[in-house]
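Protein chains: 2
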Amino acid sequence: MRELIETMLESERIYDGRLIGLRRDKVKLPNGRTSTREVVVHPGAVAIVPLLSDGRVILVRQYRYAVGKILMEIPAGTLHPNETAEDCALRELREEIGYTAGQLEHLASIYLAPGYSTELIHVFLATNLEPASGDMDEDEFVEPVAIPLEDAISQIGEGKIQDAKTVAALLLVWQKRKADSEP
Amino acid sequence: MRELIETMLESERIYDGRLIGLRRDKVKLPNGRTSTREVVVHPGAVAIVPLLSDGRVILVRQYRYAVGKILMEIPAGTLHPNETAEDCALRELREEIGYTAGQLEHLASIYLAPGYSTELIHVFLATNLEPASGDMDEDEFVEPVAIPLEDAISQIGEGKIQDAKTVAALLLVWQKRKADSEP
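Protein sequence lines correspond, in order, to chains R and P.
Sequential numbering from 327 applies to the first sequence in the numbering used here.
Sequential numbering from 327 applies to the second sequence in the numbering used here.
These aren't lab readings, by the way, just hints derived from the structure by calculation.
Be careful, since some hints might not be right.
Identical copies carry no separate label here, and so any pair may be met within one copy or between two of them.
Calculated lysine to aspartate or glutamate pairs in the EDC-like style (CA-CA distance at most 16 Å, straight line) [claimed, not checked]:
1) 502 to 342
2) 395 to 329
3) 486 to 476
4) 502 to 484
Working from the sequences, and respecting the hints, build out all of it.
Shown next, in the form of structure tokens:
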């Protein structure tokens, strides 16, 4: 087995921002040479597939400034300090789609862009959904849309759903349901 | 339908690096208020699911400094200037696993972290694989591993495969094969 691990020699803080930070580190490569690694520091996040009892999932249309497009995504958000992933999931469901979930099942925890970002996102399936009391967050510029899971899977193939965590999470739910329904 | 679009008011270049850049923009929100958007500028990338005729996929074990872990991923890499996505896919297959592909099928193009990164990654299925002439890139610290696609899908559920593009791409291939095999 090859030696793969890189070790930090120096670390320089480039930026501390609102959502993200940026470090530039000097590292020692497995072959003894040195190189530079740019690291976006992110607090971590949660994403939720809200599945209604009729088989529809609730997605949100959301403008993503970084890519200059409205994307169809599952509800998601950044972890607040000292917040558990489950609490964050319930908060985001309430704020973005106005629902609460009777059941949350952890599907996976995945690194979105491990080549340069620390971000780990915890993905949940939310079921037993009920409209939440209280208002949705008016500062969330998102528009909920409920569509059958099968249609959402088709939309991935058609290029209409392009957000990586959404593609991964919807397919995880689809695969799980297929596997559970097979003998 | 709600107004969702944010428009740039000012843009400040924070960092220009080796792989990524960083901008901090002042934007006008749909409600007329202003906010800040931090944008990681990335040249885009390609990822490939190399599928052998015996049903195994070739993954690579790779140390990811940003997350401090060895991850199991599909071969992938950043687009070079003026390189097509297909040429990049063939280059990465050769450099990372020592194969060339007789057929490349575009599966999807997905945004990895559209909340803060411009990165768009083009995902391909590579088949009719043949060992490539010439050496693999000795500066790629990656270790190829061939495993059955079904086992890779199981490893996602077990938390052994945690890279978002890999999760999305393997499930895309799995879903496509299921859909194609059904009447």
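Are the CA atoms of residue 395 and residue 329 at most 16 Å apart within a copy, between copies, both, or neither?
Between. Shortest inter-copy distance 13 Å satisfies the 16 Å Cα cut-off; intra-copy 41 Å does not.
Intra- versus inter-subunit Cα pairing at 16 Å for residue 486 with residue 476
Classified as within; 14 Å inside a copy, 27 Å across copies.
Quick one: residue 502 to residue 484, C-alpha cut-off 16 Å, is that within a copy, between copies, both, or neither?
between (22 Å within a copy, 12 Å between copies)
I want to check one pair: residue 502 and residue 342. Are their C-alpha atoms no more than 16 Å apart within a copy, between two copies, both, or neither?
neither (39 Å within a copy, 42 Å between copies)
Against the hints set out earlier in the document, a violation occurs for number 1 only.
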